[in-house]
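S.K.: These protein sequences, in sequence, are chains V and Z.
Whatever position you read off the first sequence (first residue = 1), add 114 for my numbering.
Whatever position you read off the second sequence (first residue = 1), add 7 for my numbering.
Honestly, the hints are just simulated from the structure, not real lab data.
Even glycine gets a Cβ: it sits at the ideal position worked out from N, Cα and C.
Wrong hints could be hidden among the right ones.
To be verified - Negatives, chain V to chain Z, calculated, CB over 10 Å:
1) Thr167
2) Tyr213
3) Ser214
Stated by the list, open to error - Covered stretches of chain Z (in silico footprint by chain V; criterion: 3 or more residues with CB under 8 Å from a CB of chain V, positions within the stretch not fixed):
4) 17 to 29
5) 93 to 101
6) 104 to 113
7) 140 to 148
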Amino acid sequence: MELQASYIQIVALALFTIGLAVTLTRRNVFFVLMGIELALNAVNLSLIGFAKTLPAAASVAGQILPLFTIAVAAAEACVGLAMIILIFKSQESVDIDNYSNMKG
Amino acid sequence: MLALIYFIILGVIAVGSALCVLLSRHPLYGALSLVVSMVSLAGIYGLVGSPFVGVVQIMVYAGAIMMLLTFVIMVLNGARDSKTPMFDKVSLFVFPAILVLAALLAFALISTPLAFNAETLRGSVALTSETLFNTSVEGPGYFLLFEVIGLLLLSAMIAAVLLAKKNLGFKETEEITEVH
């Protein structure tokens, strides 16, 4: 029994599924953000796992792409949390159903 | 064999703490279990041979992003309305849909032949930086993407400051002059 490439993809799939479930079903807006982060992490793991199945030069490309994904996730979390602070000031609630009236 | 044991331990920790995120009631507990999941993912990155991505994962994800998220949860007191139910009513339909999607993807993954390539390169700091900052014409040109990422982070920072600020600066100065 050795470590197979498909085991990494299975773990990544499990993490992505859980992240999707957290994003779509939880009502607290912080859990929605955390689910998005979890799904992004799973995609990073999948990229690393697929990079290890490629020969030399292509595998380096697959290990650099997650760095950019992490940077984009940092920007997304920054703007998303600022928007949450802004909405929270006017709504006084973390229930995402109360955010459905974003008119002006 | 030893790699498989380490991978199983780290993978069980990662998936288990992700389940804790799904099932915890207080957002702070969810954020802390998410940190555990990210750190064990960094361990998996180091295990399969990209230690630089693992270190960046710990520094940026488990360090910066989760610190920001935890800070905002604590400032806004994110569990204030603990009376609302955890899950939506729609999740009765969402959970089976997600499970069916996962089953289809798992079937596709298992039926695909995947194997580790023996010629793959270890993503050490030296190799990653050489490839990332290779500014020659024949090079892959990742340094352009790197500059674009810098611009994106700068614009995100400015947007966050502008959004989260209560009033813009000149309004406050006008009020102060009116008082005087």
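S.K.: Please go over all the hints and tell whether each is borne out by the structure.
M.R.: Quick rundown of the hints versus the structure:
1. Thr167: The claim is violated: Thr167/V sits with its nearest Cβ about 5 Å from chain Z, within 10 Å.
2. Tyr213: holds, 13 Å
3. Ser214: Since the minimum Cβ distance to chain Z is about 12 Å, Ser214/V lies beyond 10 Å and the statement holds.
4. 17 to 29: Result for this restraint: holds, n = 7.
5. 93 to 101: Coverage by chain V holds here, the residue count being 6 at a Cβ distance below 8 Å.
6. 104 to 113: Our answer is that it holds, as 6 residues pass the Cβ test (under 8 Å) against chain V, meeting three.
7. 140 to 148: violated (count 1)
Comparing the model with each numbered hint stated earlier shows that hints 1, 7 do not hold.
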